[in-house]
Amino acid sequence: KKTYNTVKIGTQTWMAENLAYKPGNGNYTAYDNNQSNVIQYGYLYSWETAKNVCPPGWHLPTAAEWETLINYLGGKEVAGRKLKESGDAHWKDENDATNISGFTALPGGASNDLGKFASLGIFGFWWSASEVDAINATSCVSMYAFSSFDRSNITKKNNFSVRCIKD
-17 KKTYNTVKIG TQTWMAENLA YKPGNGNYTA YDNNQSNVIQ YGYLYSWETA KNVCPPGWHL
43 PTAAEWETLI NYLGGKEVAG RKLKESGDAH WKDENDATNI SGFTALPGGA SNDLGKFASL
103 GIFGFWWSAS EVDAINATSC VSMYAFSSFD RSNITKKNNF SVRCIKD
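My numbering puts the first residue of the sequence shown at -17, with every later residue one more than the last.
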């Protein structure tokens, strides 16, 4: 059983690392199908699976909960640098990240329903529990070279990282 680091940011308590829970069923994968990537980046989950993987007492954050986090840290233009792990140990290049929040966002990349992997070390994508329509859900995204952390509506078929928030 894994114990996760947590961090309180404003009024919210978040896991300070990506979820690495292997569910009994659902659509999830290790980046490049390489289990060693799970240790650092966690699993990548489809949206349907992501909704059910947080442990008891925790849940997949809604778009509004992500927005609360982003706004607390000064808005989407600057929140990324306060959320991302600093340095270039995992991000593609040294960036202006400070991780002053303690959230330690990592660039776990993504995969799609065709099994194609992309963006490890370049992008971090995290699901929200908020559905846009039958095809899309809201996610959050951050890129190595930018200070931003923003929401995006994207197909539920993609596999992204999960951060759980305390109930």
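These are computed hints drawn from the structure, not numbers from a lab. Among the hints, a few may not be true.
[What the hints assert, rightly or not] Distance windows between CB atoms, simulated: (1) 116 <-> 16: 30 to 36 Å; (2) 116 <-> 44: 16 to 22 Å; (3) 84 <-> 134: 21 to 27 Å.
[What the hints assert, rightly or not] Subject to a maximum C-alpha distance of 25 Å in a straight line, what follows is the list of computed BS3-like cross-link-like pairs (lysine-lysine): (4) -17 <-> 58; (5) 74 <-> 58; (6) 98 <-> -10.
A virtual CB, placed ideally from N, CA and C, is assigned to each residue, including glycine.
When the hints from earlier in the document are held up against this structure, which numbers fail?
4, 6
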